[in-house]
Amino acid sequence: MNLTVPPRANELEISLFGPGVGECVVAHIGGGEWLVVDSCLNPESGEPAALEYFKRIGVRVESDVRYVVVSHWHDDHTRGVSRVLEASKSATFVCSTAVRQDEFKTLIAMSRELNLKDSTTGLDELNQSLRCIEERREAGRRKVDVGPKFAHADSVIYRRDANETLASCEVVALSPSASALARSHHDIGALLAERVAKRAIVNITPNETALVIGLRFGQAIAILGSDLEAGSSPNDGWGAVLRTTAKPGPGQVFKVPHHGSENAHHDGQWTTLMAPSPLALVTPYATGKKPLPSEADVVRLKQLAHGGVYVTAPRPGRVSFSDRMVEKTLNDVAKVVRSRGSRLGHVRVRVSSLKSSPTVELFGAAFAA
Amino acid sequence: MVSAVAISSMFDKTIEGASEESSILIGRTEISSVEGRPVSLALSPELETSPSLVAQRVAEPRKSVVRIPVPSEQPYHFELRQQWEGVVTHVDNDEITVVLRDLTHPERPDLEAVVSMDEVAHDDLALVQPGAVLYWSIGYETTTTGERKRVSHIRFRRLPAWSRRAIARVNARIAELTELFGE
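Note that the protein sequences, when read in sequence, are chains A and B. Residues in the first sequence are numbered from 1 upward in steps of one, following this note's numbering. Residues in the second sequence are numbered from 370 upward in steps of one, following this note's numbering.
To be clear, the hints were calculated from the coordinates, so they are not data collected in a lab. Watch out, some of these pointers could steer you wrong.
[To be verified] Quick list of in silico lysine-lysine cross-link-like pairs, DSBU-like style, CA-CA up to 30 Å:
#	chain 1	residue 1	chain 2	residue 2
1	A	K355	A	K302
2	A	K143	A	K247
3	A	K89	B	K518
4	A	K302	B	K518
5	A	K302	A	K328
6	A	K335	A	K55
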């Protein structure tokens, strides 16, 4: 097991990074081309996990990263994404069609006015990424090359035909559905109506507009579930994903949606989208009153994912400070104090486009559940 | 009766302006508090209630007769040891959940804390809602009386209402995004 060895040209690689709160996927789609979906930071270095990894395996980020995708705007999926995009000079920026809505543009524009000292909220990252795209367009580059490319259910993000050396490849969006997009108009509009006073924007639940990605490279197939939840109707969430026509076929690798939570589970994920013995990859969300995945979530996933369940990081332990006075006071005042991640974990899966068995490697804090 | 004027300057080493009559009265009276505040009185050794002393005090009406030990006055000082910027993510009836970004050591990962509503200042209660921004400071406070204690201050940010200028900036950015998106 050697982290620095790059994948072979005909291997699909899915690398999942997570420090406890945060998620990033990088995917090798053949021939040295890469895709980045979401971003998180390595808490020990403060650098985007994707860029650190690319550097270690010798990827030329400026030319080899073809797409940078933001599946949705929540902080735990966007930290550092603008830096990834700036480094990925040849990449096309892709985001959910929900971003195109007038209400969402207003959210982005309003977020800039909050002026937080550490202004790296999800909306700020999205805004900075769009600034980067604006600069590239102003420099004369075409929209079709730099984006933003808006994706929703059944959108084709990338398609490459087979050639003498490489199998064909297709990257498709399986969500959000038209119904979920219509609903998000209302949800975001309601959020704006509440914002008489300035304040930060917190997440809208349930998450029905996240971008689920299907990847097929030859016979190797992966589904990246983002944070899409089950949905409030069969026309939303995973019910709608199951009815897409762009589904790539039974997958061997499943990036489990929404940190393995019960409310993102749908039986059809396992009976329709996945092959009989898939691998389940999970990033935790070690925060909130009910950190994810719960023990019950892990039990459920192990019953469904016969190829194994792999988690990027354990729940962070007790928070400690070098300044004992600060630690004591914090613990006196707060009922609960948790770290949102202290050590990055990395699950790497490689599978040949000729459909051999996947290999799994674990680095950092990652572990097999 | 003890004059309030005579005792009011508690932190003076001597009571300036005390009348002869009140000085004598003090000398005769055991005073443990003035206007509800504890007072320790030190009587001059020469203070006696004899007629000769009364005569002397009449001759020197402004001589100090009462000495009150007073802490040395120093400026208020707050030694900041740790500060976070927080955003409220969840509000229950009696507690809030806050994501904290470390402003003192920005390289540290975010924390999440659950804090009782009792820790929120009364003035700030109306500001508590998801998305509210707060600053949490921990440090040592030294009061003007020299007392040093560790303190935790949670203060909610009072963001100004949307000004016309801010709304104009928002609208300008929306127009830029609309152009970028090709609409």
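Evaluation of the provided hints:
Between the alpha carbons of A/K355 and A/K302 the distance comes to roughly 23 Å, so the proposed pair stays at or under 30 Å and holds. For the hint linking A/K143 to A/K247, the alpha-carbon distance of about 27 Å falls within 30 Å, and the restraint holds. Annotation: proposed proximity of A/K89 to B/K518 is violated, straight-line Cα distance about 53 Å (limit 30 Å). Distance check on the hinted pair: A/K302 and B/K518 sit about 52 Å apart at the alpha-carbon level, beyond 30 Å; violated.
This hinted pair does not check out: A/K302 and A/K328 have alpha carbons roughly 39 Å apart, beyond 30 Å. A C-alpha spacing of about 41 Å is found between A/K335 and A/K55, which places the hinted pair above 30 Å, so the restraint is violated.
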